[in-house]
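Asks: Below are the chains, spelled out letter by letter.
2 protein chains.
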Amino acid sequence: MVSGEIIIIGDEILEGEVLDTNSFDVAKTLSEAGFCIARMLAIGDNEDVIKNVLKEAIPQYDFLIFTGGLGPTWDDKTVRAVAEALDLPLEQNAEAYSHLQETLAKQGKNFLGGHQKMTILPRGAKPLGIAYRACGFKLIYQNKPLYFLPGVPHQMRQILKEKVVSDLRGIYPHVTAWYKKKLRLFGISESQIQEKISLILETYPQLKMSSLPHFPEIHLILRTPNKNTLERAALEIKNLFKENIFGEGDQTLPEVVAKLLLKQGLKLATAESLTGGLIGHLITQVPGSSDFFEQGAITYSNQAKIDVLGVPLAIIREHGAVSEPTARYMAEGIKKIAHVDIGLAVTGYAGPTAGPEGPVGTVFIGMSTPKVTEVKKFQFEGSRTEIKLLTAFTGLDMIRRYLLS
Amino acid sequence: MVSGEIIIIGDEILEGEVLDTNSFDVAKTLSEAGFCIARMLAIGDNEDVIKNVLKEAIPQYDFLIFTGGLGPTWDDKTVRAVAEALDLPLEQNAEAYSHLQETLAKQGKNFLGGHQKMTILPRGAKPLGIAYRACGFKLIYQNKPLYFLPGVPHQMRQILKEKVVSDLRGIYPHVTAWYKKKLRLFGISESQIQEKISLILETYPQLKMSSLPHFPEIHLILRTPNKNTLERAALEIKNLFKENIFGEGDQTLPEVVAKLLLKQGLKLATAESLTGGLIGHLITQVPGSSDFFEQGAITYSNQAKIDVLGVPLAIIREHGAVSEPTARYMAEGIKKIAHVDIGLAVTGYAGPTAGPEGPVGTVFIGMSTPKVTEVKKFQFEGSRTEIKLLTAFTGLDMIRRYLLS
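Chains A and B supply the protein sequences, listed in that same order.
Using the working numbering, read the first sequence as starting at 1 and increasing by one per residue.
Using the working numbering, read the second sequence as starting at 1 and increasing by one per residue.
Rather than coming from a laboratory, the hints here were simulated on the basis of the structure.
Certain hints may be false.
Said to hold, decoys possible - Simulated crosslink set (BS3-like; lysine-lysine; CA at most 27 Å straight-line):
1) A:Lys28 / A:Lys182
2) B:Lys117 / A:Lys28
3) B:Lys377 / A:Lys182
4) B:Lys51 / A:Lys55
5) B:Lys55 / A:Lys55
6) B:Lys117 / A:Lys77
Only a predicted model underlies this, so the values are computations on that prediction, with no experimental measurement involved.
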């Protein structure tokens with residue numbers, strides 16, 4: 001494989017002032033183009049460090065991508081470090097100079113000291129950023145391309161996508177993009193996945209697979225240079241995990257539920273206690289959700305459960321607000337009030353304090369469909385936010401599994 | 001200075017599948033604690049690479065922080081690589097084993113192969129993550145602390161803040177932290193902040209200040225080695241931005257609103273259309289929210305606005321569901337139904353499609369208090385998610401400003 005290193009330069013990154021997104025953008029773009037990123041390194045604005053890193057990296061990789069340290073200010077040291085490390089004289093770059101002068105003249109602007117500095121590059125450099133009013137250049141050294149891109153993310157991205165990718169393709173024409181699939185799972189733990197998946201990895205040595213927890217989901221990423229392998233392995237994995245796989249790619253759980261509801265012409269309403277509106281929020285993240293989502297009731301207090309949903313006071317007195325019968329009345333109540341086909345209700349303890357009917361994480365989820373009302377009890381673990389999220393996802397997943405059956 | 005390296009392990013990072021935020025979090029936390037981060041490196045799930053990086057880094061730095069590659073799946077290789085690189089036998093860690101077994105037994109879950117793998121650590125390892133239901137351990141090697149933390153960001157952050165920082169302080173007691181304050185602003189733009197703040201930066205040359213957009217908030221971070229400077233500068237900034245500063249540190253806007261409601265003994269209910277439950281979700285993120293939040297109505301359809309909140313059909317016909325009178329009826333309706341002091345209502349277009357009464361981002365927010373009902377019109381910009389968030393925050397902020405006045 002043709003592999004490279006990404007090197008991010010900037011004190012602000014090491015000091016935790018700025019989140020570096022450039023290495024992610026470069027890695028994503030070049031991986032999709034079929035190149036391999038072997039390492040990502042972030043270092044400070046220090047000439048000696050830059051020089052050492054450059055000299056060490058050249059023999060190890062097929063290409064290098066630097067970002068940052070190219071601006072006109074005193075703390076930008078990349079150009080001089082590169083020239084010294086590679087023993088190239090610094091000189092005015094004719095292309096950069098004429099282009100910059102032309103651009104400034106058209107705008108009626110003066111050629112200033114800062115502009116002058118931008119045209120001084122190591123001998124042999126090819127300017128990359130000039131069309132974007134930005135810095136950036138390329139050098140070929142020991143037959144390997146070295147790209148030096150600005151640190152400003154939108155400038156970097158533009159030069160990367162419009163210049164670097166095609167340039168790399170020209171230099172390494174045999175590189176082809178990999179095929180990729182992302183499968184999204186819910187209702188199964190990473191350890192359970194691990195138990196089941198090892199056989200598939202043995203069957204397909206060409207397949208690269210990673211499992212990524214995306215709370216509360218788990219994503220399985222399959223990558224391979226062979227389209228056939230991808231299709232066959234994906235099919236096997238789907239047969240293995242069945243309805244634990246709820247979607248592919250960028251599809252979210254609410255989107256999947258929305259699609260099923262629309263297809264079957266069913267309408268939904270929600271009655272939420274501990275989630276406080278999170279289920280409604282997730283559902284209404286789907287554009288066009290008004291076509292299947294009628295309304296929701298956030299019945300946080302007992303009085304609201306009684307007034308809005310018609311849960312009998314006697315039920316709450318006898319069984320508690322967090323109980324099977326209350327969840328049942330809530331689900332049936334919201335279905336009736338909203339004149340919908342499916343009523344989803346959740347009640348439980350999100351924490352941090354436990355309630356009279358159980359510890360933190362005790363949750364009842366009720367789903368009332370045209371035929372039957374089903375209530376399940378769960379014991380979730382985690383923070384208040386995690387318990388709310390687990391409850392919301394589990395509720396949506398109950399609807400999905402019902403609509404699939 | 002006491003300096004360290006951050007090493008992120010994970011193919012998903014190099015492949016551009018996941019944006020690494022762990023190195024930023026570690027850098028930020030340790031910089032604030034007075035430590036220096038010399039490099040950040042991201043490498044793949046490759047045993048040989050992990051071993052080489054570890055062996056090279058130990059002599060160069062005072063501490064090392066690894067994240068990732070500790071999970072129970074086949075692609076997690078950190079533990080074995082560490083054991084081999086440092087020539088330490090792998091053995092079952094008694095502390096990790098007993099804790100994990102206990103936790104699983106409590107949950108009525110089985111001890112699987114994946115769990116078993118989590119308890120196998122290099123000899124001498126001290127488990128760090130076990131209290132957080134996570135992996136993670138520490139080793140002392142050549143008198144230097146090496147921390148191996150899970151890659152899952154929220155687990156990593158928790159262990160970092162609650163275990164690693166204090167441990168490093170114990171090992172390097174002469175390192176002193178800078179004083180720091182975070183001010184949280186809402187309802188003012190970054191350029192407006194910039195305009196006003198430059199004078200303060202001139203007055204306090206010892207002060208380091210950064211403004212970080214945290215959509216939809218903006219955070220101003222003040223840092224200085226001098227406590228007095230911090231207090232004086234913070235006071236000046238508070239006088240400058242007044243009620244645009246809603247909180248400090250980790251205080252969220254819903255927490256501030258909650259505190260004001262509780263202090264004044266007032267109860268709240270919400271009626272949400274375009275936000276679909278997001279406001280209720282944000283409010284119920286505050287522990288103990290049942291003390292002031294009665295209920296919410298997610299009246300997504302017109303029928304629900306009529307049935308649940310008593311908005312007259314004639315009003316919706318004449319003015320539309322996204323209008324000043326509808327927002328007014330919604331706010332007053334939910335206040336009445338829920339028997340509360342403040343009713344908050346939002347109606348508008350989150351997008352992507354515009355509605356009959358205006359473009360995407362047209363939002364009316366109504367607040368009905370014991371004395372008066374106020375409705376404001378907004379024109380927000382952004383994605384569906386951003387418009388929902390801006391609406392929710394603006395609604396909560398209206399309550400905050402009302403309670404402060």
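Asks: Each hint needs a verdict: does it hold in this structure or not?
Replies: Hint-by-hint comparison with the structure:
Between Lys28 of chain A and Lys182 of chain A the CA atoms are separated by roughly 14 Å; this keeps the pair inside 27 Å, and the hint holds. A threshold of 27 Å between alpha carbons decides the hint, and for Lys117 of chain B with Lys28 of chain A the separation of about 31 Å lies outside it, so the pair is violated. Distance restraint check for Lys377 of chain B and Lys182 of chain A: the Cα-Cα separation of roughly 42 Å exceeds the 27 Å cut-off, and the hinted pair is therefore not satisfied. Restraint check: the Cα-Cα separation between Lys51 of chain B and Lys55 of chain A comes to about 22 Å, which is no more than 27 Å; the hinted pair holds.
Under the criterion of a C-alpha separation no larger than 27 Å, the hint pairing Lys55 of chain B with Lys55 of chain A is consistent with the structure, at around 20 Å. Simply put, Lys117 of chain B and Lys77 of chain A have alpha-carbon atoms about 46 Å apart, too far for the 27 Å limit, and the pair is violated.
In terms of the numbered hints stated before, the structure departs from hints 2, 3 and 6, listed from lowest to highest.
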